[in-house]
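Keeping their order, the protein sequence lines are chains A and B.
If you read the first sequence in my numbering, its first letter stands for residue 102, the second for the next number, and so on.
If you read the second sequence in my numbering, its first letter stands for residue 6, the second for the next number, and so on.
In case anyone wonders, no lab produced these hints; they're calculated from the structure.
Be aware that a few hints might be false.
[Stated by the list, open to error] Here are some chain B residues pointing at chain A (derived, C-beta under 7 Å):
#1 M69
#2 R89
#3 T92
#4 Y93
#5 I94
#6 N101
#7 M104
#8 W108
The C-beta atom is built at its ideal place from N, Cα and C for all residues, glycine as well.
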Amino acid sequence: MFRISAFFVLVLILASFGCSDEHGESPVAYSYQALSTPEDLEAEPGSESISLTWNHSGEYREFIVYILYYSGTEMVHQPVDTTASTSSIIGDLVPNLEYCFSVSAVDSSGMEGWRSDEVCAVAHSN
Amino acid sequence: MKRFISALLLIFIFAAGIATDGLCRENTYYSVLFPGWGQMKDGRYGKGTLFMGAELVLLTGVLMSNIQYDRDVDQYEEASAAFRSATYIGDKLNYNRQMMDRWDDADRMDTYRKVLAGAAVGVWLLNIADMVWSEDQKVKPVTLDVREDGFLVTKSFSF
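Just chain A, with the same shape it has in the complex (with noise of 0.2 Å):
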């Protein structure tokens, strides 16, 4: 019987033992201060080209220009443009379709903010 006592303990012991976390700690929500977001956007159509301004407060070290598509049902941001002032001519553009873009702004480590809101545009022809 005292064999038996002392098997059940130690089945108790070592199914604890088994049963301890093995996959570590939770990760944490990820915390950061983005950059704000361009503002005030707007693009001008010009021939086979539309020129795009916007204003953006604060510091950042450039921006990056998207054309926006669909692919299939899904929205496409493509960059077509990175520049460090507050404007942008796109080129090479088919006229009288109607392009839509959007700018987000990147700090100094690479790490890119929101996307402003888009705004579309037709090209004219030459």
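With chain A's structure known, arrange chain B on it following the hints.
Just chain B now, kept in the frame of chain A:
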């Protein structure tokens, strides 16, 4: 999980030692190998089926939850790699949320597999205890009773 399997192996070796050192009858050894087997050998098919079925269900549950746990961990690693390489704040937050969701899923699966494994060990212990403490209740499968006017053959079943 490796420690859990190691613990089970140690228990198994210890139990096998108990079962074979003369303290218990031979069929206990079968119950140590797999719950219900010894009871079946004793002719107690109902109890044997119960132990065996419960153990099979629980071990299947452990296996399934372990597979799902590994899958969740893989998805967590993928989200973690995508999070580290993302430079856009929207992607960063999205992958971070995926990481936390997958971690919660993996944590839940880890709890399930531990509970199920603990239950499987419990069934296994109950099965051994049943074999040890029912030693004197062994039912003779066939008896022959010789009487003046003939004889009586009895086949016994136990559940």
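Evaluation of the provided hints:
| no. | hint | verdict |
| --- | --- | --- |
| 1 | M69 | violated (18 Å) |
| 2 | R89 | violated (11 Å) |
| 3 | T92 | holds (5 Å) |
| 4 | Y93 | holds (5 Å) |
| 5 | I94 | holds (4 Å) |
| 6 | N101 | holds (4 Å) |
| 7 | M104 | holds (5 Å) |
| 8 | W108 | holds (6 Å) |
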